[in-house]
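Generate coordinates for the entire structure from the input sequences, incorporating the hints supplied.
Protein chains in written order, with the numbering used here: chain A, 1 to 637; chain B, 1 to 578.
None of these hints come from the bench; they were simulated from the model.
Sample of chain B residues lacking proximity to chain A, with all beta carbon distances greater than 10 Å (derived):
hint, residue
1, I131
2, P139
3, T146
4, A168
5, M173
6, M179
7, M297
8, D334
9, Q337
10, K341
11, S352
12, L356
13, Q512
14, P519
Lysine-lysine pairs mimicking DSSO-like chemistry, simulated, CA-CA at most 30 Å apart:
hint, chain 1, residue 1, chain 2, residue 2
15, B, K191, A, K119
16, A, K239, B, K489
17, A, K239, B, K13
18, A, K132, B, K107
19, A, K132, B, K191
20, A, K111, B, K187
From the derived model, a few chain B residues whose C-beta atoms are all more than 12 Å from chain A:
hint, residue
21, M152
22, V166
23, S292
24, I302
25, E310
26, S391
27, L392
28, D398
29, T424
30, R426
31, F457
32, E516
33, L557
Glycine included, every Cβ here is placed at the ideal spot set by N, Cα and C.
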Amino acid sequence: MPKMQGGRPPINPKVLGRLMKMLFEFYPVMVPVTIVCIIFSSISAAIPDMYIQQVIAIITNAVDNQISWDTAREQLIPKMITLVVLYAIALAAIVLYTQLMAFITQGFLDKMRKAMFNKMQDLPIRYFDTHKHGDIMSYYTNDIDTLRQLISQALPTLLRAGTVVVAVFFIMMWYSIWLTLVTVLGVIAMFVVSGMMGGGSAKYFIRQQQSLGKAEGYIQEMMNGQKVVKVFNHEEQSKAQFNEINAALAEDSYRANAYANTLGPVVMNIGNILYVIIAVVGGLLVLSGAPNLAISGMALEISIVVAFLNMTKQFTGNVNQVSQQINAVVMALAGADRIFSLMDEEPEADEGYVRLVNAEIASDGTITEAEHHTGHWAWKHPHQADGSVTYTRLEGDVQLDGVDFEYEAGKPVLHDVSVFAKPGQKVAFVGSTGAGKTTITNLINRFYDIADGKIRYDGININKIAKSDLRRSLGIVLQETNLFTGSVMDNIRYGKLDASDEDCIAAAKLVGADDFITRLPEGYRTQLSGNGSNLSQGQRQLIAIARAAVADPPVMILDEATSSIDTRTEAIVARGMDKLMEGRTVFVIAHRLSTVRNSDVIMVLDHGRIIERGSHDQLVAQKGQYYRLYTGAFELE
Amino acid sequence: MLKKLLSCVREYKKPTWLTLIFILGEAVIETLIPFMTADLVNSIKDSAPMGHVLQVGGLLAVMALVSLACGACAGFTSAKASTGFAKNLRGDMFAKVQEYSFRNIDKFSSSSLVTRMTTDVSNVQMSYMMIIRMAVRSPLMLIFSTCMAFYMGGALAAAFVFTIPVLAFGMIMIGKKAMPAFRAVFKKYDKLNESIEENVRAMRVVKGFSRENYEKQKFASAADDICQDFTRAERIVAYNTPLMTLCMNFDMVFILLIGARMIIRDNTLDIGQISAMITYGVQILMSLMFLSFMYVMVTMSIESMKRIVEVLDEEPSLRNGADAVKEIPDGSVDFRQVSFKYSEKAERFALSQIDLHIPSGATVGVIGGTGSSKSTLVQLIPRLYDVSEGSLLVGGRDVREYDIASLRDAVAMVLQKNLLFSGTIRENLQWGNAGATDDEIREACRLAQAAEFVESFPDGYDTHIEQGGTNVSGGQKQRLCIARALLKKPKILILDDSTSAVDTHTDALIRQGFREFIPETTKIIIAQRIASVQDADMIVVMDNGSIADVGTHEELLERSPIYREVFEQQTHGNGGEE
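Right, here's the structure in full:
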């Protein structure tokens with residue numbers, strides 16, 4: 001819980017309100033029914049106290065006046081029947097609400113998860129670039145867990161205990177205001193003590209979280225670097241350092257837990273002492289025959305004191321339950337606050353109205369829209385001015401014209417970059433890390449939007465193209481390969497969901513991945529998990545390339561796509577890549593200059609500017625930066 | 001398993017026992033309190049003299065205070081015991097992992113080790129605290145309360161004879177049905193979270209292919225499936241509350257009705273006893289409830305316990321021999337019919353039948369495609385793994401005869417997966433030699449071509465390195481790692497593809513430095529670039545786990561087709577790199 005650091009009190013009443021509103025909106029019938037059931041069952045749990053008083057009164061009366069059991073039984077039976085009926089109804093209400101709670105809790109969490117996930121899918125790449133993945137994950141794990149705790153435990157308990165407290169309070173007032181006053185004073189004492197202790201506990205819980213985070217960070221670093229530790233015989237030092245961190249964690253968590261553990265017995269025994277006080281005060285009042293002040297106007301008698309003792313227990317017990325839920329409520333509200341911050345993120349904007357459609361192309365070049373797959377695609381461009389629609393054939397002509405861009409205000413990354421890629425051309429970007437190579441590709445598929453200048457795809461400003469269609473027309477293979485849990489076939493098919501098995505295998509063959517895939521234990525049906533951890537980095541890249549190939553887009557972006565394939569294997573892949581690139585516009589970013597050598601045009605980027613451009617031979621002849629890179633006089637990292 | 005875990009309690013046995021004693025005290029008093037209150041109620045009812053009422057009341061208050069003290073002390077000691085236990089577990093696991101060999105490390109992924117040392121230990125800590133606080137308390141309360149109920153209520157206690165088995169049986173049934181359901185759904189839930197994580201990481205792919213809606217649908221169906229399973233499991237557990245209420249209500253009606261009869265007709269009971277009986281009823285049922293709760297907690301943490309014990313029980317696969325030799329005479333290396341496989345079950349040898357002699361002080365290049373086992377070959381030299389067959393000699397002696405730490409001090413290895421740790425550059429370099437002077441550090445950095453950029457940082461050698469070394473470039477990181485290895489003043493220096501991100505010019509300078517300043521050190525260099533190895537005394541060409549050829553650059557160009565292929569690929573693609 002990194003955001004709890006700094007001791008900011010995380011209670012925000014607005015968050016609670018919003019949660020409640022969502023709860024009611026999701027379950028407009030179930031939630032009110034549940035609430036009614038809880039309140040009803042709580043009240044019926046308090047009412048028997050009145051019956052006990054009456055029963056005891058009958059008993060005392062019978063004993064005092066020597067009334068026979070038979071007569072007393074006549075009086076008792078109706079009371080008992082009412083009690084049983086009350087219990088039965090309460091039991092039904094309890095069964096109903098506990099079952100409903102199971103539905104509501106899980107249903108609500110399910111809806112929340114889906115809402116979060118859907119929202120997340122709509123967020124721009126910027127969000128993922130600026131938030132730690134671990135933090136995003138903790139919304140789904142830790143924060144959702146706190147909500148579960150809140151809805152399934154804390155809220156029903158608060159409602160139930162709260163109702164009992166109120167009900168018992170009024171019953172107590174009915175019998176004796178004096179005794180009620182004593183009870184209330186005791187409860188106030190309870191609150192003061194538990195508030196004091198709860199404060200200490202909260203402080204140490206925050207500290208415990210911090211040292212837990214520290215220990216976790218250290219363990220993570222050391223476990224990742226364990227082989228280095230071994231190579232340097234550094235075991236003893238790392239143990240010593242860990243022991244320090246570990247001891248600090250144990251100390252903080254000792255204090256946090258000690259406070260929390262002590263709270264229960266303290267509050268309970270204040271309850272016990274209160275019980276004694278009530279008994280003594282009640283006894284004194286009865287003995288002294290002091291005038292009773294009560295709503296009912298009844299005189300204080302022993303049956304009332306006995307019943308009152310029971311009520312005191314109930315009252316303090318429930319107050320205790322309320323206080324024990326406070327921590328859960330605070331944690332849940334902090335969790336909900338974080339979840340809402342995700343939900344309130346601005347989604348990726350898309351004002352694009354130019355769509356990619358299947359097209360029929362007549363021999364004279366006129367384009368008509370088709371309902372079915374024709375193998376041809378066209379941009380459908382409705383013009384607002386005159387309501388007409390024009391169709392432009394999808395060809396893969398990409399132009400960047402005077403593009404400026406900055407990730408953070410005031411820190412420009414690209415200056416006045418212009419690139420013209422004709423359909424079928426191969427354009428390479430070369431330059432050191434941070435020169436802006438990847439940024440250019442981020443702009444073409446609109447992961448980020450440019451600050452100034454224009455990017456046109458087949459002559460259309462890409463801001464006018466619907467993002468999903470723009471990206472559909474661009475194939476992309478990234479340096480960091482990400483595969484999904486599922487079979488190899490599923491992973492290739494990700495590029496084109498309606499591709500047949502044959503299409504996928506053909507794509508794998510095209511890029512030279514078929515060879516190793518068929519040698520896997522289960523061929524294309526081999527299950528991948530953990531980002532394909534059972535494959536080598538090179539094999540993962542080949543699958544990613546096949547995934548892009550099956551999509552068959554007119555424009556491809558290869559960002560260090562072959563960086564992890566060794567030079568020997570790359571020679572094999574290169575043939576596949578050449579086939580893949582045939583007839584497509586390709587943007588290549590590569591570390592290895594051998595990969596970019598045969599490009600139609602090579603752009604040398606430096607600090608966000610294109611400083612050289614031309615073919616390999618031209619650039620070598622220029623003897624500029626490219627030449628220096630090429631001759632190894634310059635570090636490419 | 002339990003024995004192994006409990007052996008880690010060690011110095012926290014004392015607070016554990018103290019907790020049990022305090023809890024015992026608390027439980028005894030807590031069962032006596034209703035007994036005393038019955039007395040109090042009766043004395044009020046019987047209009048006993050106020051002195052007696054006050055006396056009983058005072059005694060009760062004292063008992064409450066003692067119970068409070070016991071409870072509070074138990075709160076502290078149980079926290080001490082459980083957090084201390086957790087500390088020992090973490091410490092033992094960490095220490096154990098330090099003893100692991102590479103083979104052991106390969107077996108556990110680092111992320112799984114992290115989870116075991118954090119989440120799993122927290123789970124065990126929680127259940128330990130729960131157990132020492134409740135394991136004594138609940139059964140005691142159950143027994144005491146039942147005894148007291150029979151002692152005070154006589155026939156009235158028959159109510160409990162009926163409800164205790166009903167409640168116990170009901171809760172066992174619910175637990176039996178719910179536990180497997182929960183276990184199954186938790187597995188699914190973990191999978192769901194893994195898929196979310198996968199999705200977050202692969203967001204560029206998702207968006208690149210416009211697969212947002214596809215992912216949403218996929219997620220929704222998985223989430224709905226889990227929701228159904230969860231609801232089913234929770235609905236079973238939800239019967240606990242009504243069951244408990246039913247039992248309590250039954251006791252109440254029974255006690256009131258039969259109690260009234262006993263008072264009025266038989267005159268064998270008084271009113272104080274009735275209210276005590278009600279209290280005992282609640283206590284009995286509550287302790288049953290806690291027992292079942294405890295059972296659930298413990299079963300839930302059994303998985304965690306297993307995972308912790310797995311780490312503790314893992315036998316380090318490498319150990320020092322009886323009279324390990326601490327002195328490594330020179331830097332010669334001999335592979336004699338060495339074969340190696342990573343796991344005994346593996347079908348294929350990663351290395352087979354390697355014969356190779358490297359004289360002390362030689363510079364050796366190793367080249368070959370991915371999967372040709374270059375790294376495997378060199379990892380045997382500092383005994384990161386043991387050979388499966390044959391023998392490996394360093395300085396004329398089998399590596400298994402050396403003290404492992406001495407051997408690794410003499411054989412410095414820069415791993416392919418390089419890592420710097422959070423801390424200053426100086427602290428990182430001192431891993432090579434804890435007592436290294438500033439001059440020695442500067443010297444090593446100069447040799448690794450790192451001095452220039454380090455000294456250009458405002459804080460120089462005190463520059464802070466972020467976790468994972470993210471604030472220096474790949475090439476800089478590699479050079480620092482080389483400097484770190486050089487500080488060991490090794491007899492053998494192994495670079496496993498350690499200059500891949502360094503430009504060719506600097507790469508050449510590093511090799512030149514090696515030649516001039518550490519001529520006696522045997523240097524073994526694995527590289528992708530021919531340029532990095534072509535001036536070596538000998539170049540080993542690896543292919544598919546065996547040595548394809550050994551020779552100088554010229555010899556290999558002549559006769560090794562693999563070497564020639566790589567050479568041509570690189571010169572053709574990048575003529576000037578040579």
